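J.: First to last, the protein sequences are chains B and E. Sequence positions in the first sequence follow the working numbering and run 1 to 179. Sequence positions in the second sequence follow the working numbering and run 1 to 205.
It is worth saying that the hints were derived from the structure and are not from the lab. A few of these clues could be false.
[As the list claims (entries may be wrong)] Derived EDC-like pairs: lysine to aspartate or glutamate, alpha-carbon spacing no greater than 16 Å straight-line:
#, chain 1, residue 1, chain 2, residue 2
1, E, K69, E, E23
2, E, K76, E, E191
3, B, K6, B, D19
4, E, K162, B, E22
5, B, K6, B, E22
6, E, K17, E, D29
7, B, K6, B, E27
8, E, K162, B, D15
9, B, K6, E, E179
10, E, K76, E, E176
11, E, K34, B, E27
12, B, K6, E, E191
13, E, K76, E, E11
14, E, K76, E, E23
15, E, K153, E, E191
[What the hints assert, rightly or not] Partial chain B-side listing against chain E, Cβ under 7 Å, derived:
#, residue
16, L5
17, E7
18, I10
19, V26
20, L30
21, V40
22, E41
23, L43
24, V46
25, E52
26, W53
27, P58
28, F62
29, R69
30, V70
31, A71
[To be verified] Some chain E residues flagged as far from chain B (calculated, every beta-carbon gap over 10 Å):
#, residue
32, E54
33, L93
34, R94
35, L134
36, E149
37, P151
38, L175
All figures in this text were calculated on a predicted structure; none of them were measured in a lab. All C-beta atoms in this analysis are idealised placements derived from N, C-alpha and C, irrespective of residue type, glycine included.
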Amino acid sequence: MSEHLKEENIVPFLDGRLDPAERGPVEAHLAACAACRAQVEELRAVVGVLGEWPGVAPSPSFDAALRARVAQEAEQGSGWFALRPAWGAALAAGVVLAVAVASWQPGEVEPPPLPEAPGVAVAPQPSPPAGTQPTQPETNGSDELAVLDNPEVLDNFKLLSEFDILFEVEEEKEEGKTL
Amino acid sequence: MGPAVARTDEEWMLVLKAGVPREREEAFDVLVGKYRTPVIHFLYRLVHRREPAEDLAQEVFLRVYRARKSYQPTAKFSTWLFRIATNVALNALRDGRMRHEREMSIDADTGPEASGLPLAERLPDGMATAEQALVERERAAEIRRAVEELPEKQRLAVLLHKYQEMDYAEIAEVLECSESALKSLLFRAYETLRVRLRPLLGARA
């Protein structure tokens with residue numbers, strides 16, 4: 001049949017979604033070609049028969065189980081860090097930085113800007129020369145954070161998901177709530 | 001109680017991304033409520049049993065939750081969701097997690113009862129007989145086997161087109177191919193099924 005009709009037109013024709021400009025020639029060919037007509041009708045029938053394969057209804061416990069998994073994941077923040085010592089170290093470094101900033105005496109040098117996302121593990125920075133303060137969280141001192149500057153890594157869905165969890169864990173701690 | 005505000009899926013996803021916890025919870029519930037059945041159906045037709053399909057569906061929604069902060073509404077939410085579902089299912093099938101489940105599958109979930117409704121409620125009056133149920137179950141099993149024998153990409157295309165009723169552009173995006181290639185892919189899949197399932201065409205259940 002593909003010699004008579006374009007393959008890519010046949011399913012859209014069956015779906016009734018073929019472009020009107022293409023539909024006329026297909027209908028004309030089917031009117032004139034009994035073999036193609038029979039084949040198209042069988043295709044239509046088989047698409048209908050596929051509907052006899054039923055799906056399954058979700059278990060009544062599906063939502064509760066899912067919510068439990070989400071809540072568990074949020075609550076396992078400390079365990080998650082424990083599994084990744086380098087991240088834990090980065091977080092500890094961030095705490096040190098936060099303490100240092102909190103105890104900063106005003107009237108001296110302007111403190112470095114804080115990262116917008118609370119809880120982002122920022123490694124402590126040596127005092128940079130005046131006028132060279134970064135506007136984004138610095139990444140030196142932490143390989144894990146340095147990868148954020150790598151565009152290839154930013155395309156890595158799994159790794160980004162892990163960053164998301166890091167942000168979320170800290171956010172949930174601050175809010176004192178979990179989803 | 002339904003959501004107080006009518007939002008698109010993409011808007012709910014943005015609430016899940018940036019809302020306060022109570023709003024995020026509502027957004028997640030709305031999205032799960034809308035897509036749990038389609039996602040479970042899709043995964044069930046790939047792994048053939050309810051329990052592993054639900055496990056994978058939970059993994060899919062968990063990934064949505066985890067990835068919410070990197071979500072960008074550049075594509076339809078459903079496209080993004082089924083891309084995740086496809087990846088989760090294929091990873092599970094390829095790493096052997098589902099092998100045992102599939103080998104153990106003896107169509108236990110492929111009967112009329114699989115819809116979750118009692119047989120008598122699914123069949124017209126007077127047809128809820130054991131014989132009718134057996135015929136229906138055999139036909140469903142034959143269809144399942146025919147779809148399962150399709151090459152992977154054709155199988156996914158059929159599941160998304162026939163059972164999820166997604167449009168060509170969405171399916172093409174999920175399967176990472178052109179719309180034109182998808183239409184040819186679907187034709188070849190249905191052509192294989194036409195030959196394979198011809199015995200079923202003459203005698204509907």
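J.: Checked against the structure, which of the hints given earlier come out wrong?
T.: 2, 4, 11, 14, 16, 19, 20, 21, 22, 31, 32
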